[in-house]
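Just so it is clear: in the sequence shown, position 799 is 799 by the working numbering, and no numbers are missing.
Mixed in with the good hints, there may be bad ones.
Stated by the list, open to error - Keeping only pairs whose Cα atoms sit at most 25 Å apart, straight-line, the calculated BS3-like set for lysine-lysine is:
#1 Lys392 to Lys277
#2 Lys721 to Lys514
#3 Lys614 to Lys589
#4 Lys514 to Lys392
#5 Lys883 to Lys868
#6 Lys336 to Lys148
#7 Lys794 to Lys721
Stated by the list, open to error - Simulated DEER-style distance windows between Cβ atoms:
#8 Glu478 to Glu159: 41 to 47 Å
#9 Asp224 to Lys868: 46 to 52 Å
#10 Leu388 to Ala568: 41 to 47 Å
#11 Glu208 to Leu345: 50 to 56 Å
These are computed hints drawn from the structure, not numbers from a lab.
Please read all numbers here as calculations on a predicted model, not as lab measurements.
C-beta: ideal position from N, C-alpha, C; glycine also.
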Amino acid sequence: MMLQKMASIDAQMRLLVPKRVSDDDKLIEYDALLLDRFLDILEELHGKELKDTVQDLYELSGLYSKTDGHGDVEKLRQLAEMLNNLDPGVNIVVASSFSHMLNLGNLAEEVQIALRRRVSNAKKGDIGDENSALTESDMEETLHRLVKQLKKSPEEIFEALKDQTVDLVLTAHPTQAVRRSLLQKHSRIRNCLSQMYQKDITADEKKELDEALQREIQAAFRTDEIRRSQPTPQDEMRAGMSYFHETIWNGLPKFLRRVDTALKSIGVKERLPYNVKLIQFSSWMGGDRDGNPRVTPEVTRDVCLLARLMAANLYFSQIEELMFELSMWRCSDELKARVLKIESLQRKEAKHYIEFWKHIPPSEPFRVLLGDMRDKLYNTRERMRLLLQNGKSDIPIEDTYTDASQILEPLELCYRSLCETGDKPIADGSLLDFMRQVSCFGLSLVKLDIRQESDRHTDVIDAITNHLGIGSYRNWTEEQRQEWLLSELRGKRPLFGADLPTTEEIKDVLDTMKVVAELPQDCFGAYVISMATAPSDVLAVELLQRECRIKKPLRVVPLFEKLADLEAAPAALSRLFSIDWYLNRINGKQEVMIGYSDSGKDAGRLSAAWQMFKAQEDLVKVAKQYGVRLTMFHGRGGTVGRGGGPTHLAILSQPPDTINGSLRVTIQGEVIEQSFGEEHLCFRTLQRFTAATLEHGMHPPIAPKPEWRELMDAMAVASTKEYRSIVFQNPSFVEYFRAATPELEYGRMNIGSRPSKRKPSGGIESLRAIPWIFAWTQTRFHLPVWLGLGSALKQALQSDPRNIATFRRMYNQWPFFRVTIDLVEMVFAKGDPRIAALYDDLLVSDELKPLGEELRQKYNETRDLLLKITFHDEILQGNPSLKQRLRLREPYITALNVQQALVLKKMRDQGLQFCALQNSSKDQSDIPTTPKRAAELVELNPTTEFPPGLEDTLILTMKGIAAGIQNTG
């Protein structure tokens, strides 16, 4: 069957296709079908010659990739020669073709994963399989494992779930490289493919589905992949909120029903109360202003109103559906009284009817009550729409809903009435689902976090103290700052008025606070302070909230990011908790955010991961000392270099006692689509977070042994030393990085509203973590993930050969270490130093090439050491499914890598010519002489024009490689 589907592929290539890994493995079949259909469409649209060109490139690339990690360099050279000789028009179609084929391959993988999960559930034997925790967080399996193996009582589990909260935060800087219109087409392709292989499908149905499949593949190929303009923060917010409308809104109550079913299976008779905050949603879209000048106070206001408009729309539709469902006439006296009151108000112009209506109950009382709610929701929706359009509305606020409790109260009344009259099964249907939705989403749909850098608050306070004539706050010691801030927090005097001298930056901070004060308080969640280092950073925000008359101040969350800040975080938190005023203010609860992105960029993946592990342990100890319940907010990205990885493993590898039923975590970029793009993905995401959080709290992982800690401490020192010696101390590194990767061209992708740098000038330290990771991912070198690890492992084994046995025990017994090592191994599976060498050959000057050779040598040494401590003979030895999937993607990615390197060379050569022309009338010494300098100048001149199709080809290769690696930033 598979060979028939692969009829369009050369016989030599068939030998290179990986084998099936299990009886239920249909991935090869899915992938071949989609590839076959695409090549047919390509031939129909662009002719047989172009189709043959794409196929020849695919086959040549596949032959290069046939040997894991040891590609045939001669085949790579032939591939480069073939691509370099293509006409510009052909080049762009080739890039688009490979990018689309990778997207189709990803869809085939998703369908296969869903199939395997269904088969696994159908064949599920002993529900308490201990190994399942390592691969999936199934709710029912987790509960049975807790009962059978860990001897937890059903009552304990039920109480733990009622007290558990996972808050998923959709972030403001998406790295989703695929346009939303394409994602929708991909969803339809996925659905067609899934249905085509169902057992009960008829021949006619299969033919119709095949036609639909071809139609959707062609529509996707005909859709421009490239964003022609940079998205605004409002665009980002609309894209993020679309997931609520499409999957999350209906996915949440379905998931909570599954939790009820799982609880019932272990003997719990009650359902989870509707108002349990098991899952919550927040957002940074339109609130994250750290380094993003496009997020203004007006933007924050707009996204809050837009979210409320969307919530009102969803509620209005849901109420109308309930009105059809709750058509029964029997009701409680309490509901009857409420309905008569509504009727009397509606007929107040005909008072003589009131007595008559008291004695004749309405025939459909639920519909009367829900109809009244519908009218009020209509007004709520229209008020939000007018506020967004005009900034004002003539709809009285008393005719609208302003708080979720106003919607829940009549719904609770309906629920009680149904239960009283023997209709509890009906009450536990759509009505209960809706109550859970209102409880979760509120009137704001998501709570918006505000994020700002600590220095901006310092600027504001400094302006205030200078205006008051008491000195410069910026020059004060930490003790002086705290003393003054606390004296003002304990007092009542206003600190400034309209005469306060302000800069644009200061005005932005104060105007944002005023927006928070003006809008309903349920719009907002936390106020996150990036680059927080001291208690005064937190107290300054508390004071500014009071001065701006925020009635219900946002909880203030310090974000510790860089290695030194993480090390100092426990001491800073202890100093903060030692302040009586603050301890009374927080009411026994504190949230702390730790940043994976900047810590990894600062010290490398290994050191950052270990320091975050230790910092969490120490932060929890400090919180316990002061009687405070601490919630850790994990700022994870989509890539391993930014804390990414499988959700369940990430949670189960956290230190003991650091979650305890309360967790916040960012959901970023392409991870949003992977987590919520389809309803079944949404269900799986909610299940993973909930089950893993419950298991971590009720069955914490083991704490590392003293000798393991000692070894990790020594390794972290060695790792940081090597990482920083190259990234920050080698004077040639920045120039090499910018020459050898597409970092300078990253901004042309238009995948986010935020600038790639915090400051326009500066080196690696000013570069955001997203383009830092993105650039190395594109070249398949992944340097931020592995650099430093090899030196750490080598030193550990040289200092004591017995450490090899210690590593074996750590890998087998300690989840944190195993996850850390396994994720690096996965990155090596996606890497290819020969591809990185090609970029060097084409783009890097001769004097910088030795640095590239040195780094590739370190790459190979690190990979070999990693295999040694895991006792693996080859990369991904223990994960054949992932290995198979990567093998299928390899030919597409390799072709795009070669094409990208060639296009970058052409663009930078053009950049040299452009810069020479720009400087033709100036001192000739100013003309750039290196590709790196030319690329920098082109970056500063985004209007630079290139030969037709060159820039589009580059962007298409970037998107395609991102789809193939399944990571951007």
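Status of the hints after comparison with the structure:
| no. | hint | result |
| --- | --- | --- |
| 1 | Lys392 to Lys277 | 33 Å, violated |
| 2 | Lys721 to Lys514 | 45 Å, violated |
| 3 | Lys614 to Lys589 | 21 Å, holds |
| 4 | Lys514 to Lys392 | 17 Å, holds |
| 5 | Lys883 to Lys868 | 19 Å, holds |
| 6 | Lys336 to Lys148 | 48 Å, violated |
| 7 | Lys794 to Lys721 | 13 Å, holds |
| 8 | Glu478 to Glu159: 41 to 47 Å | 42 Å, holds |
| 9 | Asp224 to Lys868: 46 to 52 Å | 48 Å, holds |
| 10 | Leu388 to Ala568: 41 to 47 Å | 43 Å, holds |
| 11 | Glu208 to Leu345: 50 to 56 Å | 54 Å, holds |
Hint violations for this structure: numbers 1, 2 and 6, all remaining hints satisfied.
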